[in-house]
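Colleague: The opening residue of the sequence shown carries number 1 in this note's numbering; numbering runs sequentially from there.
It is worth saying that the hints were derived from the structure and are not from the lab.
Glycine included, C-beta positions come from ideal geometry on N, C-alpha and C.
Incorrect hints may appear among the rest.
What follows is a set of in silico ranges between Cβ atoms, one per label pair, in the way DEER data are often shown [what the hints assert, rightly or not]:
hint, residue 1, residue 2, range
1, Arg110, Lys57, 51 to 57 Å
2, Ile25, Glu164, 36 to 42 Å
3, Asp35, Ser152, 48 to 54 Å
4, Asp60, Thr17, 15 to 21 Å
5, Lys171, Asp118, 28 to 34 Å
6, Ile45, Arg120, 18 to 24 Å
7, Glu177, Lys44, 21 to 27 Å
8, Thr154, Thr89, 43 to 49 Å
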Amino acid sequence: MFTEMLLSLQKYKYILTVALDHQLILLKGGIVFDDYDPAVEGDKILRTRLERFVKQKKVDKLEKMLQDFIQRFRIKDDHNFASVLFKETGYKIEAIPVQQFSVSTSRTLRVGMSGKDDNRLTFVSIELPTGSGAIYCIKGFHPDLKADWLDSGTVEVQIPTVREEVERVKKVKVYDETINILYKELKR
Numbered sequence: 001m002f003t004e005m006l007l008s009l010q011k012y013k014y015i016l017t018v019a020l021d022h023q024l025i026l027l028k029g030g031i032v033f034d035d036y037d038p039a040v041e042g043d044k045i046l047r048t049r050l051e052r053f054v055k056q057k058k059v060d061k062l063e064k065m066l067q068d069f070i071q072r073f074r075i076k077d078d079h080n081f082a083s084v085l086f087k088e089t090g091y092k093i094e095a096i097p098v099q100q101f102s103v104s105t106s107r108t109l110r111v112g113m114s115g116k117d118d119n120r121l122t123f124v125s126i127e128l129p130t131g132s133g134a135i136y137c138i139k140g141f142h143p144d145l146k147a148d149w150l151d152s153g154t155v156e157v158q159i160p161t162v163r164e165e166v167e168r169v170k171k172v173k174v175y176d177e178t179i180n181i182l183y184k185e186l187k188r
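Hey, can you work out the whole structure from these sequences and the hints?
Modeller: Shown next as structure tokens:
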């Protein structure tokens, strides 16, 4: 796969911090659920992990993080992480041409179920080019739960009158665009 680079702890920290900065620029605002941006939260977790690995001198874990970023930036590197990596390590990232990978540009809504018996959940998820996640979730089996696009910026979720909600998102942001989620109780 890759050749291990075996860098100093400080060099790993520097390169991985640059990679995290580049990734945050790329992903921040890509999909936001009611002001919750998974990219920002994920970035905090990864930065904490980076600090822990440096403090514990876990070179193997730092190497794995770096290799994961190299793979990611082979596909998309708008902020020139490759030049920083090359300058610091001599390692050159070979970009994957756009024609060799496919990214869905569709927007879909999906009603699904998970679990069984008393632990069953019925949910609606939104799938966008920048990410996906649940926008509504209730306990139990609810085959009548439906979701449809009213227009490009509005989703309507038809919910049963009797329900125990686990999650209800009111808006999803995709960079500068907002998708509003409306809820309508089904008539019995």
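Colleague: Enumerate the violated hints, using their earlier numbering and listing them in ascending order.
Modeller: 1, 3 and 6
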